[in-house]
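A.B. asks: Order-wise, the sequence lines are chains A and B. Position one of the first sequence corresponds to residue 1 (the UniProt record's numbering), numbered consecutively onward. Position one of the second sequence corresponds to residue 1 (the UniProt record's numbering), numbered consecutively onward.
Careful: at least some of the hints might be erroneous.
To be verified - To give a feel for the contact side, a few chain A residues facing chain B, derived at Cβ under 8 Å:
id : residue
1  : Pro126
2  : Ile137
3  : Ser265
4  : Ala287
5  : Ala296
6  : Val327
7  : Gly329
Derived by calculation from the structure, the hints in this document are not laboratory data. In this text, a Cβ means the ideal position worked out from N, Cα and C, and glycines have one as well.
Number of protein chains: 2
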Amino acid sequence: MMKVGMLGCGVVGSGVKKILDEGKTEAGSDLQLTRILVKEIGEGMDVRFTECADDVLDDPDIDVVVECMGGIEPAGSFVEKALAGGKSVVTSNKKMLAEKAARLYALASEHDVCLLDEAACGGGIPWMANLKRIARIEPVSSFQGIFNGTTNYILSRMEMGGADFQDVLKEAQKLGYAERDPSDDIDGVDAANKVVLSCMQAFGVYMPVSAVETFGIRHIQACDFAWAKSHGLTIRLLGTGENHNHTVSAWVMPAFVKADSLYASISANDNVLVSHSETLGTSAFAAPGAGSLPTAHAVVQDLLDLYEGSGARAAVMPAAVMDQSSVKGRYYVRTVNPAVFDDVKQEDAGDALITREISLMDLCARVQKAADEKLFAGVML
Amino acid sequence: MMKVGMLGCGVVGSGVKKILDEGKTEAGSDLQLTRILVKEIGEGMDVRFTECADDVLDDPDIDVVVECMGGIEPAGSFVEKALAGGKSVVTSNKKMLAEKAARLYALASEHDVCLLDEAACGGGIPWMANLKRIARIEPVSSFQGIFNGTTNYILSRMEMGGADFQDVLKEAQKLGYAERDPSDDIDGVDAANKVVLSCMQAFGVYMPVSAVETFGIRHIQACDFAWAKSHGLTIRLLGTGENHNHTVSAWVMPAFVKADSLYASISANDNVLVSHSETLGTSAFAAPGAGSLPTAHAVVQDLLDLYEGSGARAAVMPAAVMDQSSVKGRYYVRTVNPAVFDDVKQEDAGDALITREISLMDLCARVQKAADEKLFAGVML
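In isolation and in its complexed conformation, chain A is listed as follows (with noise of 0.2 Å):
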C-alpha cells in the first residue's frame, strides 16, 4: 500500500482522483489517496479534502504528494516543502517545474527521493518513460514534436476553414481548449516549457525557458495556410531540442510540413512527440495532449513507477551548455518591412518571403531589426 496525497483537484486531479479510487487493476487498488488539498471545500464534498496545505504536506502517513494545481505558486513552494520532507512528488505542472527545476531537483537528490514529470509533458503519452527507456541503451540525440494541444487545435481548425486566427481563437475558447489569457500558448510559452522538460529527461541538462529561442502562432493569418494549402503544405507549431557532443540547441517554431507528413496528420488538440537515436533510430508517439483523463492516466503511472521502485531518484540536473549557432533553416517570413531580409531572400511567397539557409541567430537578429510586433515567421521543413 502507498498513500498519496495530492495537491489541486481541478481537471488533472479530477482525473487522478477517479482513477485512483476506481482501482481498477491489483497494482492501482494499492494505491491509496488519503488527503486532497482543494481551494474550497464545499458542502457535501470529500471528507479527504482540505483547504490547509499542510494537511497533506505535514503528513507522516503520505508517502507521495501529486501536485496538479497549476501555476508557479504557491505550488512550488508546496513541492519544495514535500521533497525537504522526504517525500517524493508527481507534478503536472510544467510551467512551475520548467522555472524551478534546477532548485527542485538539486533538492530532491539531496533527501534522496524522485521527483516524477511525465504528465507534465505531452498528457498521456509516455514520453518522459519512453526518453528514458531509450536512455538505458544510447543518448537521445534529438527530438521534435507537437508539444501543444491549443495551437493544434487553432491550427488545424485555421487549416480546415480558412478562418481568421482571432475567431479561431474565440471558438477554441468557448469549447474550453484555450485558457482566457491564452498568452503563453499561442506566444509558444507552453511549448517551450516542455522543451526545458524534455532536455532534462533526454540529455540530463536544464536551462531556462528564456534559453529556448520562441516564436508563436499569435500574427499568423489565413493568407499564410492559403499559401501553404496551394504548395502542399500546412503549418504545425513544434518544438525541438538536439544534443551535439554536450551543447545543447533548443527552439520553438511554426513549421510549414507536408500535407502528408506525420505531424500533419495530427489534427484539433493531439500531440505527437518524436525521438531520434543511433539504433532505435526515429520513434514518434501520439496521443491527445491534455485532457482530464489521459494526463490523470500519466500521474497515476509516475506513481506506479515509484510503488514498483522503478522510478529513478532525482539527479542534481547541471545547466546545459547552450549552442543555437548550429540551427539553419529556409525561414518564411511576413513583415511589413521586407528589405531587412532583401539580401538573404530566396523566394516571394504570396504576401510573406521565403529565404535562403540561414542561422536561427541571423533570423533572430534581423527580426528584432525588422521592429514588426505583427511580424510572423516559421521554418520550412
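Following the hints, position chain B against chain A.
C.D. replies: Below, chain B without anything else, positioned relative to chain A:
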C-alpha cells in the same frame, strides 16, 4: 553482470551483437554476450561463434537466451530447451512464437522464467512495453495498426506512382524489403502473427493465427489506388484486435483510409500501432517496423528489463474465446462475380463495389461463395 547467449546472427542478431559489444551505457555494459549459434563458422570470425546449439543451451553460465533465428523449427525446440533449462528467453521470432505460444508460456511459467517478445512485433516500437504499462492501470480495450513493413512499402509505392503490384513487389525484393517468397507478408500472415502476439500482451489470451480473419494485398491493382485517390483516400494493411467483455475479435485487412490520416502518413516500411483504453484513450506509436538496429534495440530493451528485474514472469496463457460476430464494416470488393454481393451493394467504386454495413462473417461467406481467386477486398474506415 548478466550473461547472454544468442541463437542466430543474421539481420537482427548482428544488430544485437553490435549494441551489446559497444555497450554505450552503464546498464548496457553489464550485459555480456558470451556465445552465439551460427549456421557456419567462417574464417576469422568471432571466437564466440559455435555451430552447436547446445553450446548455448547447456552452458550453465548463460542466464538468458536470445533467439533470432527465424522460422518455426529448430528455433521453437531450442527455445523450449532453454526455458526447460531455467533460462529466460528473449525472441524476435513472431512466426515461431505465434505458433507455439501456448506451449512456451506454460513451460516458462512452470520453470519460473520469462519469455519476452518486444522485438517480435513492430521492430523498434516499444509496443509490448507500453501495452504492459497501460495494463497496470486498466484493460486495453482494442488495438489497431500497420504491422507489416513490407506491405506498407508496397502500398506506399503504389500510392505514389500508380505502379502495378507485381512491379513494386519485384522492386521491393531487389531492395531487400521483401523476401524471395513474399507470401507471409503479402497474404497478411505476418501481420496476423503480430496480431496474435499483441492479443496475448493486450488481453492476456492466446489464439491460433488461423483464428485471425486475414485478407492480404496479393490481388491489389493500380485501379484500386486510382479509385481511392480520386476519393481522397489511400490504402493501408491494418491488423486489429478487440476485447468485448472477455470475447475477442481479430482481423487483418486492407483498409481505405483518409489521405490526411495518421495511417496514411505512415509510409515506406514504417509501422504504427495504436492502443485504446478507458482513461488513456487513443495512444499511437510509430517507428521503423523492421531493420537490424531498431529490432535489435527492442531485443536489448527486453534484456535490460530482465536485468533490472522488471520483466514479468510468464503466465500460462489461456485460450481466447473468439467472437468475430461484432465486427462490421462497409467493404470494398473487386471480383468477377459481383452478383454474389448484389443484395448488399451500396454503390459502385470504379471496377469494384462497396457494400452497405455488413458483418465480417457475412463478407467471408460471400467471398467464399464468389470463388474468385483474384478477389480483392478491403474495409472502408
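A.B. asks: Compare the structure with each hint and give your call.
C.D. replies: Hints and how they fare:
no. : hint   : verdict
1   : Pro126 : holds, 6 Å
2   : Ile137 : holds, 6 Å
3   : Ser265 : holds, 4 Å
4   : Ala287 : holds, 4 Å
5   : Ala296 : holds, 7 Å
6   : Val327 : violated, 25 Å
7   : Gly329 : violated, 22 Å
Hint compliance for this structure: hints 6 and 7 are not met, and every other hint is.
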